[in-house]
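S.K.: No gaps in the numbering here: position 26 of the sequence shown is 26 in this note's numbering, and each next residue is one more.
Hint data in this document are derived by calculation from the structure and do not stem from the laboratory. One thing to keep in mind: the hints can contain errors.
Distance condition first, Cα-Cα at most 27 Å in a straight line; then the derived DSS-like pairs of lysine-lysine [claimed, not checked]:
id, residue 1, residue 2
1, Lys149, Lys124
2, Lys161, Lys95
3, Lys161, Lys198
4, Lys95, Lys149
5, Lys198, Lys149
6, Lys124, Lys161
7, Lys198, Lys95
8, Lys198, Lys124
Pairwise CB distance ranges (calculated) [claimed, not checked]:
id, residue 1, residue 2, range
9, Ala98, Gly147, 14 to 22 Å
10, Ser90, Glu195, 19 to 27 Å
11, Ala204, Lys149, 29 to 37 Å
Because the structure is a prediction, the values reported are computed rather than measured. Note that CB positions come from ideal geometry on N, CA and C, so glycine has one too.
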Amino acid sequence: MRKLLFALAAPLLLVQGKRVRQTTPRLPEPPGPRHGQREGVQPSQSLLLIGDSAIAGVGCDAQAEAVTGKLVAALSEHRALEWQLVAQSSLTCAKVLALLQGTELRIAAPDAVLVSVGVNDVTKRTSVSQWRTDLEHLTHYLSEQLGAKRIIYTSLPPMHKFPALPQPLRWFVGRQALELNHHLAAHCQTHANTELLKFDLPYAPEFIAADGYHPSAQAAAIWAQAAENMIMEFQ
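Whenever a hint applies, use it, and build me the whole structure from the sequences.
M.R.: Shown next as structure tokens:
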């Protein structure tokens, strides 16, 4: 039934997708440091943040306003902190891993890794089987190659609420996001030291960036607070 619905709607979805790409403002990744150290109470902790445009800070004017800046500021109030951000716009899960593998990391065996992937897998129509494989590869690399002690995957946002997307495109990508999110949750449940970060985000105008797609600074603050709570839960 789903395949039939997609086949019937495909021409309209393609037109809408093309129009969205043409008309949606392309916001830049904000300026600001992508690694650093904060002095504080010992022993220190280390944080690696990886992923797509959301965690890269798109939608905010500076890294200090984005999830990285907010989370670094919050965690450093508890303990000394070493941190690094490895993220880039438009990357799927597989390409995030490739970016990570090609980046010189300043952190060995991070205490926590915050991950943001999935939205570009929805828009680029990564299959469920490929999504599951890509998650396996990323988690294995983080845990076995980098020695990450905790891996925190951010839940995919409710794309069926994105104001930049017209109907029925919004409904279609929302369904895709829910499906990938279901498999992400299952992945986290079956892998040691791997957790799913879920948080409530009001979809009022102030929580959406100017492009109608990315989280605003207010939304980034809520995301950072949820991540801080999860990281500090077992400190």
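S.K.: Which of the listed hints are broken here?
M.R.: Hint check: 1 fails alone, others pass.
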